[in-house]
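J.: What follows is each chain in one-letter form.
Number of protein chains: 2
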Amino acid sequence: MKIGRVLRDGPDGPVPRLVSVHPETGTVLDLAAEERRRLIDAGASPRRAVRLAAAQFPGSLTEALESGPAFREAADRVLRDADPALGIPLSEVRWLAPVDPPVLRDFNAFKNHEATAPDVWFEVPLFFKINPSTIVGPGERIVWPAGCEHLDYELELGLVIGSPARDLTPQTARTALFGVTVFDDFSARNLLRHEMEGRLGPAKGKDFSTALGPWVVTVDELDLTDLTMTAYVNGEEWSRGNSGSLVWSIEEILSYASRSEPLVPGEVIGTGTVAGGSGWELGRRLEPGDTVRLEIDGVGRLENTVGAPDPVRWQPTPRKRAGAGR
Amino acid sequence: MKIGRVLRDGPDGPVPRLVSVHPETGTVLDLAAEERRRLIDAGASPRRAVRLAAAQFPGSLTEALESGPAFREAADRVLRDADPALGIPLSEVRWLAPVDPPVLRDFNAFKNHEATAPDVWFEVPLFFKINPSTIVGPGERIVWPAGCEHLDYELELGLVIGSPARDLTPQTARTALFGVTVFDDFSARNLLRHEMEGRLGPAKGKDFSTALGPWVVTVDELDLTDLTMTAYVNGEEWSRGNSGSLVWSIEEILSYASRSEPLVPGEVIGTGTVAGGSGWELGRRLEPGDTVRLEIDGVGRLENTVGAPDPVRWQPTPRKRAGAGR
Numbered sequence: 001m002k003i004g005r006v007l008r009d010g011p012d013g014p015v016p017r018l019v020s021v022h023p024e025t026g027t028v029l030d031l032a033a034e035e036r037r038r039l040i041d042a043g044a045s046p047r048r049a050v051r052l053a054a055a056q057f058p059g060s061l062t063e064a065l066e067s068g069p070a071f072r073e074a075a076d077r078v079l080r081d082a083d084p085a086l087g088i089p090l091s092e093v094r095w096l097a098p099v100d101p102p103v104l105r106d107f108n109a110f111k112n113h114e115a116t117a118p119d120v121w122f123e124v125p126l127f128f129k130i131n132p133s134t135i136v137g138p139g140e141r142i143v144w145p146a147g148c149e150h151l152d153y154e155l156e157l158g159l160v161i162g163s164p165a166r167d168l169t170p171q172t173a174r175t176a177l178f179g180v181t182v183f184d185d186f187s188a189r190n191l192l193r194h195e196m197e198g199r200l201g202p203a204k205g206k207d208f209s210t211a212l213g214p215w216v217v218t219v220d221e222l223d224l225t226d227l228t229m230t231a232y233v234n235g236e237e238w239s240r241g242n243s244g245s246l247v248w249s250i251e252e253i254l255s256y257a258s259r260s261e262p263l264v265p266g267e268v269i270g271t272g273t274v275a276g277g278s279g280w281e282l283g284r285r286l287e288p289g290d291t292v293r294l295e296i297d298g299v300g301r302l303e304n305t306v307g308a309p310d311p312v313r314w315q316p317t318p319r320k321r322a323g324a325g326r
Numbered sequence: 001m002k003i004g005r006v007l008r009d010g011p012d013g014p015v016p017r018l019v020s021v022h023p024e025t026g027t028v029l030d031l032a033a034e035e036r037r038r039l040i041d042a043g044a045s046p047r048r049a050v051r052l053a054a055a056q057f058p059g060s061l062t063e064a065l066e067s068g069p070a071f072r073e074a075a076d077r078v079l080r081d082a083d084p085a086l087g088i089p090l091s092e093v094r095w096l097a098p099v100d101p102p103v104l105r106d107f108n109a110f111k112n113h114e115a116t117a118p119d120v121w122f123e124v125p126l127f128f129k130i131n132p133s134t135i136v137g138p139g140e141r142i143v144w145p146a147g148c149e150h151l152d153y154e155l156e157l158g159l160v161i162g163s164p165a166r167d168l169t170p171q172t173a174r175t176a177l178f179g180v181t182v183f184d185d186f187s188a189r190n191l192l193r194h195e196m197e198g199r200l201g202p203a204k205g206k207d208f209s210t211a212l213g214p215w216v217v218t219v220d221e222l223d224l225t226d227l228t229m230t231a232y233v234n235g236e237e238w239s240r241g242n243s244g245s246l247v248w249s250i251e252e253i254l255s256y257a258s259r260s261e262p263l264v265p266g267e268v269i270g271t272g273t274v275a276g277g278s279g280w281e282l283g284r285r286l287e288p289g290d291t292v293r294l295e296i297d298g299v300g301r302l303e304n305t306v307g308a309p310d311p312v313r314w315q316p317t318p319r320k321r322a323g324a325g326r
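If you read the protein sequences in the order shown, they are chains A and B.
Every letter in the first sequence is one number past the one before it in full-length UniProt numbering, and letter 215, counting from 1, is 215.
Every letter in the second sequence is one number past the one before it in full-length UniProt numbering, and letter 129, counting from 1, is 129.
Mixed in with the good hints, there may be bad ones.
Note that the list lumps identical chains together, so a pair holds whenever it fits in one copy or between two copies.
To be verified - In silico SDA-like links for lysine to any residue, alpha-carbon gap of 25 angstroms or less:
id : residue 1 : residue 2
1  : Lys111    : Leu39
2  : Lys111    : Asp83
3  : Lys320    : Asn242
4  : Lys111    : Gly10
5  : Lys320    : Met1
6  : Lys320    : Thr169
7  : Lys111    : His194
8  : Lys111    : Pro58
Hints listed in this document are in silico derivations from the structure and should not be mistaken for laboratory results.
Sequences are here, hints too, so could you generate the full structure?
T.: Have a look at this one:
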């Protein structure tokens, strides 16, 4: 199953709606609308059918996944009765990021920059966190953050958590996984280089636009150990890799992420960049106006255009060290 | 105004409720219950009054703050009519963390460890992010994470964002701030030391329990540049500092946090540890069962007890570097 989120017009303006995606018919089905019809056909009053359908299929994938297995069961029930060919044509869809994660992490689980990598990269699967308020969806413009002189993409697989979990092991880890999506971890290289000297990790170098989409594909549809991953800039192939080259497996990522810490439904975990999956590793840079398209076979294509640089509206005044005379 | 969150019993089990806190009468007022009464007195039907009151005062402070100025206005209206002396005695209250932030950041804005600090600490106000799923409230037990050999507290001021903002400057920054709370950034020192060598910042060393509370005090009640901050372990004073010793001001913290990136209602930003505000800086360590009480004058007291160590249920197998023969 492929689940996306789209905007649809209503009396109070556009509202987010969950859809199932059907590339074979070139359509999406609005799950709440289909559920409403199904309930009315089964004898519900139109008013109650709207309420029940909205509770079953809210506009938030996180809320839907918080329903537990009931969400997938309800979606399966809708799809047994509905005809995808009668859905909304893909050409008319206004996409949102398919997920609205309460937590957004990014691991470092592929082989990259090996010669200069610190020892700890080989000892545990490291990760950092990204501000989920900066997530953008398919087609949305990427912020070029203030002070950035070198914007880059990163080609990653995004893991979408379906069930609450804690202290997973590689044997149990897959139970927590709902599906995957394409994850473009846009990065401001010069900001990162500067702030990472402070040992507190990425902040302004990552927290401006993380692109996710176009939809989430459930794990039953894919072999996660063999997905071809490619990146195109203005239509030219820049990066090509495969999810099979992970140094830390998906099961190890989920186990480490959940060690003494909860995983919650709807949260998203990036694998880190596949080898060669960024401009930095190729000695190439993005420019304002460039279009970046990431593709993962069996998952989908995520395309975003880079915006104009944000002006520097305020710059901190450096402090002196006490007694350092600098 | 002081706003907290408490658990109250209902037919479906305990539910979170927003309260105003009245230390002078030793009570809290359940804001939705008071609003319901006010609406009924003004002629609303009991059923509609419940619905309207629940919409005005949800159990989430983030949702309440998303109402904009309407939230504070509604709370002021309730408090004009209500008698705090008739509220729920503090002794009967089951506290929750007062906030449920969608984003949790922590800055490094006090003077600490100056001799070994990297240059970048003096050039920009650095921050990292904490997993908000690990927040605990007053009285809740602190997780001792798997592999931790050195657990510590950090005495900090927590800034609670009230309004959406972006690209603030020190001149405009205060408009985004709703209030403050006590912020105990529990830290696993040995895990931090190890993972921070990887330059991706704190992860397992911070993401297990961050304590917030006991309530949020609105900024109109306080002089944020002169708050005495103290930490007690098992009743003994370990740390004492003052918010006036910030190297980066609250206005600078908010400006930097919002640079090319949104601030959203309900998010919480820690200042970082006041000088001498952790056991590490004093050469002292917490033990399982210790009680840590942080106090900020005019804000409140936040007390938590340290739990027993989590067992190591799974440990990653270190990888070899390609060709390194190690």
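J.: Please go over all the hints and tell whether each is borne out by the structure.
T.: Results of checking the hints against the structure:
Taking the shortest Cα distances, Lys111 and Leu39 never come within 25 angstroms of each other, neither inside one copy (50 angstroms) nor across copies (62 angstroms). In this homomeric assembly, Lys111 and Asp83 never come within 25 angstroms of each other (Cα to Cα): the closest approach is 44 angstroms inside a single copy and 64 angstroms across copies. In the homo-oligomer, the alpha carbons of Lys320 and Asn242 lie at most 25 angstroms apart only across protomers (20 angstroms), although the nearest pairing inside one protomer, at 48 angstroms, exceeds that limit. Taking identical chains as interchangeable, the C-alpha atoms of Lys111 and Gly10 are never at most 25 angstroms apart, the minima being 47 angstroms within one chain and 52 angstroms between chains.
Taking the shortest Cα distances, Lys320 and Met1 never come within 25 angstroms of each other, neither inside one copy (57 angstroms) nor across copies (37 angstroms). With identical chains, the CA atoms of Lys320 and Thr169 are at most 25 angstroms apart between copies only, with a shortest distance of 21 angstroms across copies and 47 angstroms within one. Taking identical chains as interchangeable, the C-alpha atoms of Lys111 and His194 lie at most 25 angstroms apart whether they share a chain (23 angstroms) or sit on different chains (20 angstroms). In the homo-oligomer, the alpha carbons of Lys111 and Pro58 never lie at most 25 angstroms apart, since the shortest distance is 39 angstroms inside one protomer and 46 angstroms across protomers.
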